[in-house]
Amino acid sequence: MAEIMLSRRTFAGCCAALALAAGARPLAAQEGLTLAFIPQENPEKLLGDVEVITDYLTDEIGVPVKGYVTLDHAAAVEALRSGAADISFSGALPYVLAHDQVGAEVLLSEVYRGRPSYVARIFVRKDSGIDDVAALEGRTVAFADPISESGYLYPLEIIADAGLIERGGDPQGFFGRVYFAGGYQQAIQAVANGLVDAAGVSEFADLLLSPEQQSEVKWIAESEPIPAHAVIARKGLDPDLKQRFVAAMLKLNEPQNRWLLQHVYAPDGYVETKHDAYEPVAVVARRYGLLG
Amino acid sequence: MRRMGRLLVVLALVSLAPAGSAHIVTEAPWHPIAYAYRSAVFLINLRPTDWTLVDRMFTTPAGPDAPGGAARQYLLALDAATGTGHWPAIEQAIAAQDRDALYVAATRAVSQAIRYHLAEAAAHLGDPGTATRTLEEARALYRSFADFIQEADPSGFRDVGLAWLDLASSVGHAGVVTTGTRPADEVAFAAARGVIGSYLIANYEPDAWTPRTTYAPVPAQRLAANPQVEVKAWLPPGSDLNDQDPLPRLVLNFEEQGIDERDLFLVAFGDMLFDSPEVFGEPARSLGLACSTCHNRSDINQRFFIPGISPQPGAVDVDGSFFNPRFNDHRDDALDIPSLRGLRFTAPYGRDGRFASLRDFTRNVVVNEFNGQEPSPLVLDALVTYMLEFDFLPAPYLDFDGRLNDLAPPAARRGEALFQQPFPQMNNRSCASCHVPDSHFTDNRVHNIGSGEGGDGSTSGAFDTPTLLNANYTAPYFHDGSLETLSDVVAWFDERFALGLSADQRTDLTAYLEVVGTGETPYQEFDDDNTPFRLMADELSVFLSTLDTLIPARDQVAADLVLRTVAADLAADASMMTNRAAVAKAYEMADRLWQLRDAIAGGKWDEVQSLWQGYQTLEQEYQAELR
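Residue numbers (our numbering), protein chains in the order written: chain A, 1 to 292; chain B, 1 to 627.
The shape of chain A in the complex, shown without the other chains (with noise of 0.2 Å):
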């Protein structure tokens, strides 16, 4: 579902100076709690969205809890590091890279569609002939952003596991360009619309199209699952504070809350999660010389 992918876009342009002028101004973190929620389509509705679930949060915490909305995943990340939020909403691979630079520590996974997981796939036109990775040798390829577990480094991994790319090496040798688009949808665009020959993102990226186009796309290969965006804490958040968070996060999961999740992504709900869960994305990062 397009769910998962608000959460995962980098909405472009105008949206970026209003993100601005609410992550220049990080809120204290030393009474109550602070969550950093990464930015969706929309930051203006995001805005809103925070207050439904601060109010609901601050309600069953019983501390207060406010939210702002950061830049982009590593603000959210600078933010933990600095102590300017407790909590933040963060995609797998920020979050290994979070855990490993400023010893973040994952609480809660998102579920979509009854999994905590989702998979990275190759997408090429129908029209194209292409039918397999092998294929794509010489041609061209768009990823959504170099930092991007499953708009990069997934994609990367189908391609090493049939063997046509050294796993952890330079795809630039064996397709005939590279372009990192900006976005999940500005690669899927980018292969609806004919200008480059696939695009590697995430399994729901092609929602971002209009149905018109998603019907002209089709993929052709899937990587391993990836686990799901996470619910993540920076290193020392009181012990009782996180549990008591975690436990109201989890009462977003009964019948009579479920209204609220959309209003922080719209996941199907919440698991509790331990970094064992994420470590096979570490193992990627440090294949791909993100992670030492």
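I should point out that these hints are in silico values taken from the structure, not numbers from a laboratory. Everything numeric in this text was worked out from a predicted model, so none of it was measured. C-beta atoms are modelled at their ideal positions from N, C-alpha and C, and glycine is treated no differently. Heads up, a few of these hints could be off.
Only some residues are given here: those of chain B computed to face chain A with a beta carbon under 8 Å [unchecked claim]:
(1) Glu-136
(2) Leu-165
(3) Ser-169
(4) Val-176
(5) Thr-179
(6) Gln-420
(7) Val-436
(8) Ser-575
(9) Tyr-587
Within a straight-line C-alpha distance of at most 16 Å, the following computed EDC-like cross-link-like pairs (lysine to aspartate or glutamate) qualify [stated by the list, open to error]:
(10) Lys-232/B - Glu-212/A
(11) Lys-585/B - Glu-216/A
(12) Lys-251/A - Glu-60/A
(13) Lys-126/A - Glu-588/B
(14) Lys-126/A - Glu-216/A
(15) Lys-585/B - Glu-621/B
(16) Lys-126/A - Asp-591/B
(17) Lys-66/A - Glu-31/A
(18) Lys-126/A - Glu-212/A
(19) Lys-66/A - Asp-55/A
(20) Lys-274/A - Glu-105/A
(21) Lys-251/A - Asp-268/A
Given the coordinates of chain A, assemble chain B onto it according to the supplied hints.
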């Protein structure tokens, strides 16, 4: 139900639909300048042009969910940064009501705004975070033109599109804390920026502008080469043709009697036509509009909205210049979309009751309002036959004669007495004189109660008595949707006719209206198996059942209409399947239908029969997965 397959929001669509809701396609937010630009260009094509609305597009933020401020602020900032005078030029053009001047000034402003942001990104390549955000803003502004370039100049679109990819790839990356930092490639960035800049200057900032009668941001060089270049129908930002959510529940008389629609050829064919944009002409057809776009499941669509054509959601001016210039009445007389529930009991038709016959009314909608070709007798008969099956939702508090039953609460009972009470101020009539309880709460007549005199721009005159059944779900009220609630309606009558009702009486009367307006299960209920896609797929299957009649009759025209409608809808609606693993199967089925259509068009009737049987086998096989 309405299909969204052809909704013309080309660049950025995000499905926000939670599982179980109706199919909703939502626009990604626009940059405020792009929003104002596309809106203004759309609006200046309308006659008469609402210049106040044009002005508002630039001077107020783009809506409650829109990011950022008004376009004016951004344009003033651009002027300040670059020493240009874009905003004064736009403001002046609006004040002078000069379409050409506005088009030129606004187009030039957008183009220069894109180039300015690209220059800023280039100047900040040492700071990848800032450069990336500035580049993204430039790209968001480029959305103002992109789909028109794609349509009118595919090769230019490709060159510019690749240049945007080059920019995004060469802008560098700030990394995450200490990892993944990538420096910018200044040479590649400059080259790509040059490609886009040259294209924009040549096409959106030309020295001389080709005269035009319609406005759309078609690249100037294309227009100069071919002044007749046509672009597909398009809608401004903020337009919403999605189904209402929650989706109304459809009640069909034959279904209540346990009759299968597949056994009712004319009804099934009419059902298909009611959902088919093919009945209408341009631009409605290309935009994917059908009867059901406004009348979701025989009821209304409270979210239907086209800026400049809808004064508020759920309303539309069907006789303006947009849908059919020949039918333009040059009046600002948008109507609240009426429910068609119980249609066979609610003649005359049209908000002012101008058509006694449903058939005449329907023909007028097709031919005059929506620019369609003269419908065949079969088409009209089928549409009318289908619509005559629309029933009201069952009313749990009413007896057969429209009187309250024992379940009705006391306040409603007191309200019923008031409803029946004659008032001298209303020529000794009661509410019930016109809203006749044992006649579906209407008298099937037209009255002038003064409701046309109140609102700004509304048409004075008489309007037909609306039924009150199921009214709880059809807000707002009155022909122009000027009253928000049933309580407002009671207050309006009290004041208009100086009835002197006490507060309690108003409350009782409102309670009565709400009880009369109640219907059982007003909205379609969905679950994991009974999904919106399944509802749609079942409906399409019924539409296709008409081929069992049309193929043996070798009715090429009607069969072609069915197949065009269903194949296009099936492919488009596959995007809303929750069972993503089976999406390819829906596409496969749609492809089979196109093959069948080709065979029918070619008159290969032997092949047609086997293709049709093959399709039915396939449908049977995939049935369980189509959700």
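Hint numbers the structure violates, sorted upward? Checked against the structure, the hints that fail are numbers 6, 7, while the rest are satisfied.
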